[in-house]
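Chains B and C with the ligands: place on chain A using the hints.
Read off the chains here:
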Amino acid sequence: MIARRLLDSGPLCGALGAAGLVGAWEAAGRTGFISPTVFPRASAVLSRAAGLAADAGFLSCVVSTLGAWAIGLLLTVAVAVPAGFLLGTLPGLERAFGPVFEFLRPIPSVALIPPALVLFSDKVDMKITLIVYAASWPVLINTMYGLKEVDPLAKETLRAFGFGPAAVLWRVSLPSTAPFIAAGVRLAAAVALIVGISVEFLAGGAGGSGIGVFLIEAGGATDALEYIVAAALWAGVIGYLSNGLFVLAERRAFRWHTARTEVAR
Amino acid sequence: MNPAKPPSKRPGWLWPVPVALAGWELATRAAGDLSFPPPTTIFSRMREMWLSGPADRLWLTDAALTDIPASVGRLLAGWALAGLVGTTLGIALGRSPLLSRFLGPLVHFARAVPPPLLLPFFMALFAIGARMQINVILFGVVWPILINSAEGARHVDPLHLETAAAFGLSRGQRLLRVVLPSALPKVFAGLRLSLSLALILMVISELVGSVDGIGFQLLDAQRSYDLPGVWGTIVLLGLLGCAFNAAFLAAERRILSWHRAANQTT
Amino acid sequence: MLEISNLTHTYGSGPGSHHALGGVDLSVAEGELVCIVGPSGCGKSTLLRSVAGLLRPGGGEVLFNGAPVAGTPKDLAVVFQDYSRSLFPWMSVADNVSLPLRRKGLDRPRREEAALEALTQVGLEEAGAKYPWQLSGGMQQRVAIARALAYRPALLLMDEPFGSVDAQTREDLEDLTLRVRGHHAMTILLITHDIDESVYVGDRVVVLSGAPATVVGDLRVDLPEPREQIATREHPGFVRLRAEVGRLVRGPRPAAQHPTPETV
Ligand SMILES: Nc1ncnc2c1ncn2[C@@H]1O[C@H](COP(=O)(O)OP(=O)(O)OP(=O)(O)O)[C@@H](O)[C@H]1O
Ligand SMILES: [Mg+2]
Chain A
83 MIARRLLDSG
93 PLCGALGAAG
103 LVGAWEAAGR
113 TGFISPTVFP
123 RASAVLSRAA
133 GLAADAGFLS
143 CVVSTLGAWA
153 IGLLLTVAVA
163 VPAGFLLGTL
173 PGLERAFGPV
183 FEFLRPIPSV
193 ALIPPALVLF
203 SDKVDMKITL
213 IVYAASWPVL
223 INTMYGLKEV
233 DPLAKETLRA
243 FGFGPAAVLW
253 RVSLPSTAPF
263 IAAGVRLAAA
273 VALIVGISVE
283 FLAGGAGGSG
293 IGVFLIEAGG
303 ATDALEYIVA
313 AALWAGVIGY
323 LSNGLFVLAE
333 RRAFRWHTAR
343 TEVAR
Chain B
28 MNPAKPPSKR
38 PGWLWPVPVA
48 LAGWELATRA
58 AGDLSFPPPT
68 TIFSRMREMW
78 LSGPADRLWL
88 TDAALTDIPA
98 SVGRLLAGWA
108 LAGLVGTTLG
118 IALGRSPLLS
128 RFLGPLVHFA
138 RAVPPPLLLP
148 FFMALFAIGA
158 RMQINVILFG
168 VVWPILINSA
178 EGARHVDPLH
188 LETAAAFGLS
198 RGQRLLRVVL
208 PSALPKVFAG
218 LRLSLSLALI
228 LMVISELVGS
238 VDGIGFQLLD
248 AQRSYDLPGV
258 WGTIVLLGLL
268 GCAFNAAFLA
278 AERRILSWHR
288 AANQTT
Chain C
235 MLEISNLTHT
245 YGSGPGSHHA
255 LGGVDLSVAE
265 GELVCIVGPS
275 GCGKSTLLRS
285 VAGLLRPGGG
295 EVLFNGAPVA
305 GTPKDLAVVF
315 QDYSRSLFPW
325 MSVADNVSLP
335 LRRKGLDRPR
345 REEAALEALT
355 QVGLEEAGAK
365 YPWQLSGGMQ
375 QRVAIARALA
385 YRPALLLMDE
395 PFGSVDAQTR
405 EDLEDLTLRV
415 RGHHAMTILL
425 ITHDIDESVY
435 VGDRVVVLSG
445 APATVVGDLR
455 VDLPEPREQI
465 ATREHPGFVR
475 LRAEVGRLVR
485 GPRPAAQHPT
495 PETV
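Protein chains in written order, with this note's numbering: chain A, 83 to 347; chain B, 28 to 293; chain C, 235 to 498.
By construction, these hints were calculated from the structure, which means they are not laboratory data.
From the three backbone atoms N, C-alpha and C, an ideal C-beta is built for every residue, glycine too.
There's no promise every hint is true.
Rough simulated footprint, nothing fancy, chain C against chain B, three-plus residues with beta-carbon under 8 Å [as the list claims (entries may be wrong)]:
1. 176–189
2. 192–200
3. 204–215
Not close to chain B: a few residues of chain C, all C-beta gaps over 10 Å, as computed [to be verified]:
4. G246
5. R290
6. E351
7. G372
8. A401
9. D409
10. G416
11. D428
12. D430
13. P446
14. A465
15. R481
Isolated chain A, as found in the complex (with noise of 0.2 Å):
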């Protein structure tokens, strides 16, 4: 009976399994299944982690990974939520940009890593742009996307009560269009997170620092495969909050939206 309710947690299953992978990738380690030299063990990799956690120069790198994150996410919105609210109401401009667009949408970003090089001097700020140009994608389909599924009776409302474009715009278009510019905010900051890296990667330490140049200051190291993976599992852990927290905004700030959408469904 106290099994059946212990199982019944979300929680602790989650955190079982966590532990049982843990175990498991020890054991392999420790039966010699997975030499340690081919793949760290869990306990070091873990030790080190928590190493890392204490280390001034990588939290440096995460600081500045996840500013020029931050900025870039910020600039992202200012420029594609008022462009896809332009591209939105106006016909005519969608109709002029949206095979051009067509073309470009899928040019994947960080192809444009390498003429960046050459154009930027300052790595921080071509960090930054290139962040901005592959985040605005989905921020900018989605605010279209959700301009078109405003219930076009409730527009239809505030007009026949007098109100004006703007008004129509600010009390009807912007809140119900609102959860579809969150969701394409989230899907954003996971694809600022890999142009950020993927520049880091490929600027190298001649572009400051960030947790791409960490990891490739560690390659040369020859316990190097325990820094990547203690790194990788510190930027899953911010993914994982930053996430969540992004879906727990979300979630309260629209809970009119997913309560329709459930019944709908």
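For chains B and C with the ligands alone, coordinates are given in the frame of chain A:
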């Protein structure tokens, strides 16, 4: 919802493209900046790089016949493997609440690791080459597929399952004929997300550790300050991305035709 | 063939719970066609789902051919009340009908033949290649019926199977049910809102009370065979039985204040 026809389906919707190209040409010529060569220069460089071979090989050059297939092959191999693994595990996770309670948090954690971080890891684990790149793509893109498939398999209409149970379909038949088709729209959503991610990972893995492929060619052009070559390679990547997207959408439209139509009528 | 004894079921627990079945006793003999009528929401579908093994009842017992029902018994088919959702939208109509036949180990041509035959019986021989969502509600319902008929079950459970078809088709389907039962020796449990229908097709009519449901009437229908839409409905025995079932469904309450949809 009003099923308005998308404007892009009308004939002549492509007119902005030549306009944009002409504007680009004029602007770059006026600026005269060597970093931004005009499109005509880029296109002639592209022709030179990939389409100046002998006629009996359809004018394809050596570079076109080695680098492009190498890249595309690794991309498709990694993505297809990820699709297979992700769908299988995702459906298992979606159908088993216990499994998903134990492994769900781990999966979400793994998804949160930025895929480029896999690069140094697999570079240390394997030598530089196709095996390393396919692994990076596989582990980088499997998570969205897995999570979406699990979501799809979790929300199968209970009446569909009851119908299958009432008519005594076996476990395998239920999985293949009821659960999988119900989850398929979500599986495809995951596959689409991961296709563009796979393209990114293909490029970055070739930029960092490769001796051939489109990304390697890009890096090569940059190192020799061949900017028309750099931009030409980027245009090629964009065209490849467009082609993959179009092929994927066509396949999705075919396979999920029942889904779109069924949702329109209800 | 089917023995239901003291079947009870409660949905949920605590203050929000709903006591749906309050001790239902019912036995059905081989080859019988039993109609179940009762007010809306009384627990008819709940009863049927317990018989089909899709729901584990709170108490009591269901014996199918002497063995307690655990999981879905073999040789049983169901026409669900929510027929449109029980058809698979990703399969053509013919595939929907022939899918269950795989379990019987039939090869592909035999399955297709059986599906076509069943679709012809319900007047949909043209619709095999279409998808369910391309059909009207009544046509979808006939597909669901065809699927059950093609399966040739020993026990057929039907939950308001003729609910959304026009009067003419409804009569045709009623006669089809009677015919199929005669040909293939099926036992049928048919749930309906329509008192006339229950008397017309049934060998017995079982009346359930409002929630929690119990059996308040079990009438044998002794009308001349074969049944015929006009003659049977004119028969004095039909008129008498119809009135009797109607009184049982209305219950002991004063009728004027509580009209039930069944009598409209
Ligand atoms: N899954 C469920 N959870 C909670 N309550 C339920 C559930 N299913 C049915 N009920 C309740 O049980 C009662 C009986 O439901 P049931 O579907 O058996 O009625 P019914 O007799 O088939 O009605 P109808 O003639 O309208 O189809 C209803 O009051 C309903 O609200
Ligand atoms: Mg019912």
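Each hint tested on the structure:
{"no.": "1", "hint": "176–189", "verdict": "holds (count 4)"}
{"no.": "2", "hint": "192–200", "verdict": "holds (count 7)"}
{"no.": "3", "hint": "204–215", "verdict": "holds (count 5)"}
{"no.": "4", "hint": "G246", "verdict": "holds, 16 Å"}
{"no.": "5", "hint": "R290", "verdict": "holds, 13 Å"}
{"no.": "6", "hint": "E351", "verdict": "holds, 17 Å"}
{"no.": "7", "hint": "G372", "verdict": "holds, 15 Å"}
{"no.": "8", "hint": "A401", "verdict": "holds, 25 Å"}
{"no.": "9", "hint": "D409", "verdict": "holds, 25 Å"}
{"no.": "10", "hint": "G416", "verdict": "holds, 23 Å"}
{"no.": "11", "hint": "D428", "verdict": "holds, 23 Å"}
{"no.": "12", "hint": "D430", "verdict": "holds, 28 Å"}
{"no.": "13", "hint": "P446", "verdict": "holds, 23 Å"}
{"no.": "14", "hint": "A465", "verdict": "holds, 36 Å"}
{"no.": "15", "hint": "R481", "verdict": "holds, 34 Å"}
In summary, this structure violates none of the numbered hints.
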